[in-house]
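Undergrad: Chain A is fixed; fit chain B onto it per the hints.
Chains as they are written, first to last, in this note's numbering: chain A, 1 to 487; chain B, 1 to 487.
If you are wondering where the hints come from, they were derived from the structure by calculation, not from laboratory data. For clarity, every value in this text was computed on a predicted model and none was experimentally measured. Take the hints with a grain of salt, since some may be wrong.
For chains that are exact copies, the list does not tell them apart, and a pair is met inside one copy or across any two.
[Claimed, not checked] Here are the simulated SDA-like pairs of lysine to any residue, each with C-alpha atoms no more than 25 Å apart in a straight line:
no. : residue 1 : residue 2
1   : 251       : 127
2   : 251       : 45
3   : 251       : 287
4   : 357       : 79
5   : 251       : 413
6   : 357       : 27
7   : 251       : 113
8   : 357       : 115
9   : 251       : 469
10  : 357       : 345
11  : 357       : 28
Protein chains: 2
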Amino acid sequence: MTAGTGRLGPLLSPRTVAVVGASPDLRIFRGRTLQVMLGHPYAGRIYPVSRSHAEVQGLRAYPSVAAIPEPVDLAVLIIPAEFVPDELERCAAAGVRAAMILSSGFAEAATPAGEQLEARVVAIAGRHGMIVCGPNAEGYANTAAALCPTFSPAVHHLSVPLVPPWRTRGHVAVVAQSGGMGFAMFDRGRARELPFSYVITTGNEACLETFEIVDHLLDEGRTDVFLLYVETIRDRPRFERVAARALAAGKPIIAVKIGKTPAGVRAARAHTGAIAGDPAECQALFRRHGVVEVDDLDEMVDLAAAFSLHGDRLPAGPRVGIGSASGGGGGWLADACGAAGLTVPILDAATRAELDKMIPSYGSSQNPVDATAQAIVQSGYAELARRIAASDAIDAVIMIVSARISASFEREQHDLAEVARASAKPIVLWSYTLPSADTVRIVSQAGYPLFTSMQSCARAVAAMAHYRAVRERLRAAVTPPSAPSGS
Amino acid sequence: MTAGTGRLGPLLSPRTVAVVGASPDLRIFRGRTLQVMLGHPYAGRIYPVSRSHAEVQGLRAYPSVAAIPEPVDLAVLIIPAEFVPDELERCAAAGVRAAMILSSGFAEAATPAGEQLEARVVAIAGRHGMIVCGPNAEGYANTAAALCPTFSPAVHHLSVPLVPPWRTRGHVAVVAQSGGMGFAMFDRGRARELPFSYVITTGNEACLETFEIVDHLLDEGRTDVFLLYVETIRDRPRFERVAARALAAGKPIIAVKIGKTPAGVRAARAHTGAIAGDPAECQALFRRHGVVEVDDLDEMVDLAAAFSLHGDRLPAGPRVGIGSASGGGGGWLADACGAAGLTVPILDAATRAELDKMIPSYGSSQNPVDATAQAIVQSGYAELARRIAASDAIDAVIMIVSARISASFEREQHDLAEVARASAKPIVLWSYTLPSADTVRIVSQAGYPLFTSMQSCARAVAAMAHYRAVRERLRAAVTPPSAPSGS
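The shape of chain A in the complex, shown without the other chains (with noise of 0.2 Å):
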């Protein structure tokens, strides 16, 4: 095991990691820290820091930095904000390459003494050229190295693998000033099969900002996907430029920006010392550069899933075909397509003729196409999505599905893997029933995106179709019309 390449490799790749404050006590962040890395099978070498013990949960802990027997990568420092500046000095002597800085009581205090504390954190890490994350964040997760050098619940006892095992691309990465709102994004995401890069939290991001770790990510190539949680942008210059770089990779940037409302700015500053800037400028930013833009939990983790599964089909346009058993619900998702800016336009001939032979006259092919009950029953969900996605006159398909019953996916799981894999066209699932885990593993493994909020499905597909029309006006942009690109 050798650590990462690029200039954050050390931080978020190391090959050994000092935990510097590590505890005994699993009840205090010190301890808690410790137990979730042990709780994960790194290859690489933890060692403890402690000044009392001279052995913490079984490993050996050392007094100090400097006493650890071979080169430090990532110290991880969990002790007061008052002690962290000397003992980052300390760790720069010992030729420890990153720090990731988990205490509060910096900037965020909004105090001459926290002020203080975070200049000198700046100050050191210029110094010694090291990469420090945070202070005030809450660790991260690297997936892939099984590395969890946090104290988040969310890594904690999962009764599940770090990704689903099943899922080779599509990878999500999250940057995220806030350690609980960026773990959150995870809790939500794994439980829906989504297969995450990294988790990382950068707090009050006195060195280390999102968009240099965004930067890094898109070198090392193993994520597709960014979910960002951003209380403020620092450097505008570079968020510009990363943005491009991700726009023009086809890896999109789904964002929250903290600070629309007064309160939203205040709890900014006292969350990360964060300044918000003006909402309406930042919107702009986002827009001009392709980056999406949520106001929603839900929906972020909702659009992750579209994108991660269906990154390289994105819808053509806006025209949407919808699958029903439930006539009730083609009514009202038909409503939220055109709230999110989609159309849902009745059928050409040929389609409708294909459709009318499954569906009883009490049923319509028109669109929304209500198959009715009786014909999911007898010819199945995959069957009636094929049929709908070969149609000209749309872009995406939504399927409604009752998710709550997993048998009958079961027994349609290889048809509907077929039909996503043939189809050129994004096909997604709602389900109007809470879905059961087995039928939300069973249908993203067959390559389905399922969402339970019938807004958040409509953005979603909205979403996809706008950021293809983005890419290829800038592809237009950048290609003399009369020389056609070659791809």
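TA: What follows is chain B alone, placed relative to chain A:
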């Protein structure tokens, strides 16, 4: 056991039910409906009517309704559409007082034959004064009677009782033209410990329509919140009369009206033969009568949860106090509150002084109150909520919690219940992690609606405040300002 009183008693609270078309084949609706009914401890008597079987699913079957040895209150019809009118005549001749028609193939088929069949149903019902629900309905569930004449999987093989045993008030009735959507509200709401009094699906509403049912349920007095899925309002004067009654009684009607887009209009027409009407006109009508209009299934259930637990203590204004262990969550939710029309003001000095005693220096008492994880571990959510709720600067409290693990809520259960009981203001919870079923039960039982969508959470608080304001305006209008009311 006696049939319920009121005109709809024989339909909704029958002593005797005939299931016409009942079959031993559990794969078809005709078999499933009887099976679902037999899966619940209904105390009345069920009579299968079958031409081909002397016994169905262990019950003696009768060749006709007339052969049943006692008067039948309700006949459930699951036979092909073309046989329905004649069967309805036979039912009337045998003294059956009400019919629920589950068969499809009437006006929604948009064929002359279908429309003729529906016209015959209307004529027969009118001639005999028979209460007829449907056709093209999915039946209903009367939870108090444990009577579920429906083939909906949502009330079949439940692992829990139809109503959470601890709930004694705040009952929710669903009335929906769509069976899929109506029972989906139950499916989602039951998982959140909502107590449903009824789920009633009405299909084409050839005779009996939604607001006649709401009127009956208002008389009956077992329902506190109404969830309506409406494709058409057939009798506008009745709607206005019933909506006014519900508003005066303080029993909120939460409704979705399908048909805001051409595709939605088309779907409603194909689904139940409904003429959707002008959406703007309908919206104005709803607003004028205090009907809470929603656009999303999730939001609908969220609003029901809020009104069900807090109907008696709606916020007096739009000012929200936010308490959180996650500073990041506070900022995000504050922005969501702003988008929903709520405000998040800085708290008064006295409240802040009380809060500062429990919050470390790197937290914040301003609002959002970032108590930090440390303070929550030490003092608990209940104590934080209590101190925020005491402030005169706010009308409602939203607590941001992590509900994934139930242990801390279990420990705090008593304190949480105490705070909820003592507070004159509604306190609701938003969880950034996915709640466990145990946490949902514990906090619901302690008196707190638990949301997972921050947008829905903010909108629910806004809707509660708005509903109270509408009612107070109404009261002011009927009470002369010089004569203060005695309440």
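Undergrad: A separate judgement is required for each hint: does it hold in the structure or not?
TA: Results of checking the hints against the structure:
no., hint, in the structure
1, 251 to 127, "neither (34 Å within a copy, 66 Å between copies)"
2, 251 to 45, "neither (33 Å within a copy, 62 Å between copies)"
3, 251 to 287, "within (15 Å within a copy, 43 Å between copies)"
4, 357 to 79, "between (70 Å within a copy, 23 Å between copies)"
5, 251 to 413, "neither (29 Å within a copy, 45 Å between copies)"
6, 357 to 27, "between (63 Å within a copy, 22 Å between copies)"
7, 251 to 113, "neither (41 Å within a copy, 54 Å between copies)"
8, 357 to 115, "between (71 Å within a copy, 22 Å between copies)"
9, 251 to 469, "within (14 Å within a copy, 47 Å between copies)"
10, 357 to 345, "within (20 Å within a copy, 60 Å between copies)"
11, 357 to 28, "between (64 Å within a copy, 21 Å between copies)"
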